[in-house]
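Student: Taken in order, these protein sequences are the chains called V and L. If you use this note's numbering, the first sequence corresponds to residues 1160 to 1607, in order. If you use this note's numbering, the second sequence corresponds to residues -10 to 317, in order.
Source of the hints: derived by calculation from the structure; they are not laboratory data. Because the structure is a prediction, the values reported are computed rather than measured. All C-beta atoms in this analysis are idealised placements derived from N, C-alpha and C, irrespective of residue type, glycine included. Each statement offered as a hint is correct.
Interface residues of chain L toward chain V, partial, derived using beta-carbon atoms under 7 angstroms: (1) Pro74; (2) Leu78; (3) Asp81; (4) Val86; (5) Ala89; (6) Ile96; (7) Phe234; (8) Gln281; (9) Ala284; (10) Trp287; (11) Leu292; (12) Met295; (13) Pro302.
Computed list of chain V residues with no C-beta within reach of chain L, every gap over 10 angstroms: (14) Thr1225; (15) Asp1247; (16) Pro1264; (17) Ser1441; (18) Arg1506.
In silico negatives: residues of chain V with every beta carbon more than 10 angstroms from chain L: (19) Thr1214; (20) Gly1316; (21) Leu1459; (22) Glu1502.
Listed below are the residues making up each chain.
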Amino acid sequence: MTGLTLLVLALVGLLAVPTGARAATAACTPDASTACVGGTVRTSAGDPATGVVLTVEGQGQSVEATTDSDGRWSAAVTKAGDYTVTLDPASLPAGEQLRDPGKNPRTVSVTLNAQFGALFPLGEPRGGGTATPDPDATDGPTAQPEPGGSSGSGVTGKRVAQQLANGLVFGLLLALVSVGLLLIYGTTGLSSFAHGEQVTLGAILAYWFVQSLGMPLPVAAAVATLLGAASGWLQDAGIWHPLRRRRIGLTQQMIVTIGLSMVLQYLFQFLLGGGKLRIDTSNPSPVRLGPVSLPSQTLLSAGIAIAVLIGVAVFLLYTRTGRATRAVSDNPALAAASGIGVERVIRIVWTGAAGLAALGGVLIGLYFQSTSWNMGGTVLLLMFAAVTLGGLGTAWGALAGSIVIGVVAEMSSLVIPSDMKYAGALLILILVLLVRPQGILGRRDRIG
Amino acid sequence: MDWTRILTNVAGEAFAPATAAYAMAAIGLNIHFGMTGLLNFGQAGFVLLGAYSYAITAMAGWPVFASVLAALASAAVFGILLGIPTLKLRGDYLSIVTIAAAEIVRIVSRSTSLTDLTGGNSGLSGGDGYKRTFESLCPFPDGTTALGPFSYSNCAGSSWWLRLCAWAVVAIACLLVWRWMRSPWGRVLKGIREDEDAVRALGKNVYGYKMQALVLGGMGGAVAGIFYTLPTSVQADAMGRTMTFNIWTVLLLGGAATVFGPVLGSVLLWTVFMLVKTVLRDLQLEFLSSTQSEAFSWMLVGLTLMLLVIFRPQGILGDKKELSIDVR
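Bound-form chain V, shown alone (with noise of 0.2 angstroms):
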């Protein structure tokens, strides 16, 4: 896995080259013709930040510059003028990231014979925490800004029907990830925790394939999502079919699931760093339908996750596979006297969840502008909520489920501080549960 981090580092640098003449390491010494941009880069425990890139532009010219042992970096030009400096985040170390992220590019004018700095302090973005990223120390896409970009205060019509929009496109898309679990659920009775890093997986592949290899977006999706489904195949082989075969208890493999989260989750962290990663770097034009203003990307999305989320219900509606996974969810005993083979059901089960949570991953990633290592520990709990409020159980509650966590989530932020908008959508699970406990579309026997 240190392999991977070094090719993965390799091919940053790599893809970094031609985007103008590496020079410039050697320090700059400022005289007629020449004048001299550099500064110092510390982490956030103050140590000399090595390996960071930047780049300085302008004035027809284009120098990349890297900080050397000491932190220290610094390019040469050789004409007067305003140059817009930038630093690469993804050439951070692990786990840091830039104090004020407004402030990346910045412009700095130069005039010849001297010396300009440009710092970028190291840090926590909003002030507090560690140096070492806590899990929950990002709130992940609570930092973001609002997809559709729609700040400010004051409940209007307009903003009323811009996050419903929002929330109806997030809830699809949860309804994407949220099937999976469901299905795993119905079938094997396992609430899987780790469900949540199969979103991440599927996210942070596609980060990976996309920034470093240079593929195309919907090939490192379509890619991210047959490995995801792998990875879900090989999970059950590996470790959920033996654990049944030993008749481990259920409670036992929830907390089974919990620990592979965790092993999953600071494997990313160790893998790819604690920062922030941008599957894609492009502005998406925005496209306006009515009073509601909406990425291109994002709508696609909501096209993608409607469109697999009406194969997935013609699957186990029509197909042969799907009966019998009903059947199985129904009651694995009988399923499997009347010739299903249970086992083989379950395998295709975890292999489609692994994947569907890989593509919703890769799209979540997208709506969010970002994805980072702990995304699916935030988007694990509204996956639950989702399920639960649906009623356990049923495939077209998590549907209705994540539709009305996604709304409740996104509308919320018009009462409350944005921050807290997914408490908000966790509240309602609660308050659903004590008026009726089955979930909205829920059966009153499956609450024992």
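Starting from the known structure of chain V, arrange chain L on it as the hints suggest.
Tutor: Positioned in the frame of chain V, the structure of chain L alone reads:
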């Protein structure tokens, strides 16, 4: 590599206040899970409420005992609120609701809109004055004392005074749990764990007993919160899901439904964690940054949890016949 320093660090971790806090939180969880069979996945929520309630009231100038009562009361209220919708339902509902509720209190207490009260996402630090009431009770003179290789301040911050209090409370809690397990009340809880319907058939109010266990264990978590934050600072993000999962690892490592399991689990987990982390850091491997060695140590914690549950669910001290993890 400086083995003397590493081993001193590791041994110091064995009786650090945070280790005592984890032991305390696991004792609380043991009342939930080990004694009653409740699947509480929101223990960190109780810890967080205890920590914030103590810190906020201490900053308002309340005496220590009143602040502790406030922490206990907030945990009790939280437990009752959680118990009302879930304790009549199947076990996994409690687990999902508790994990969601713990997340709610974390998100709310780190929200920037509450900065005046909770310090928002940067939390509360010693400079805000929540440690003052506790430190002023310290009977020792100022300064530091070295006992063997361990040198800590007498009263301020992560002090001998704090260690003394934290471990004294852990000892009292162990004594109480030992008494409770053998009391008629404890036997009813055990009955609920093994077969809820049988206990109901005996005419016991199962719902009421479960609620008492939930509240009592939650109070253990709240006390843990006080000791967890007194040496450092109050940070909502340090008391999230990962903490809950660590508390579970501590409990299952030592052995659920045992008196000393939580203490042993906490000491063992955190000393080994410290050992792995510092050794990896000191090796200064070229391919392993210090953040990565920390991530690697956490991966080991997760792996420990998985292997424990699969191969030795009763933990080190537990008895397999006494506890079947699978609750209904």
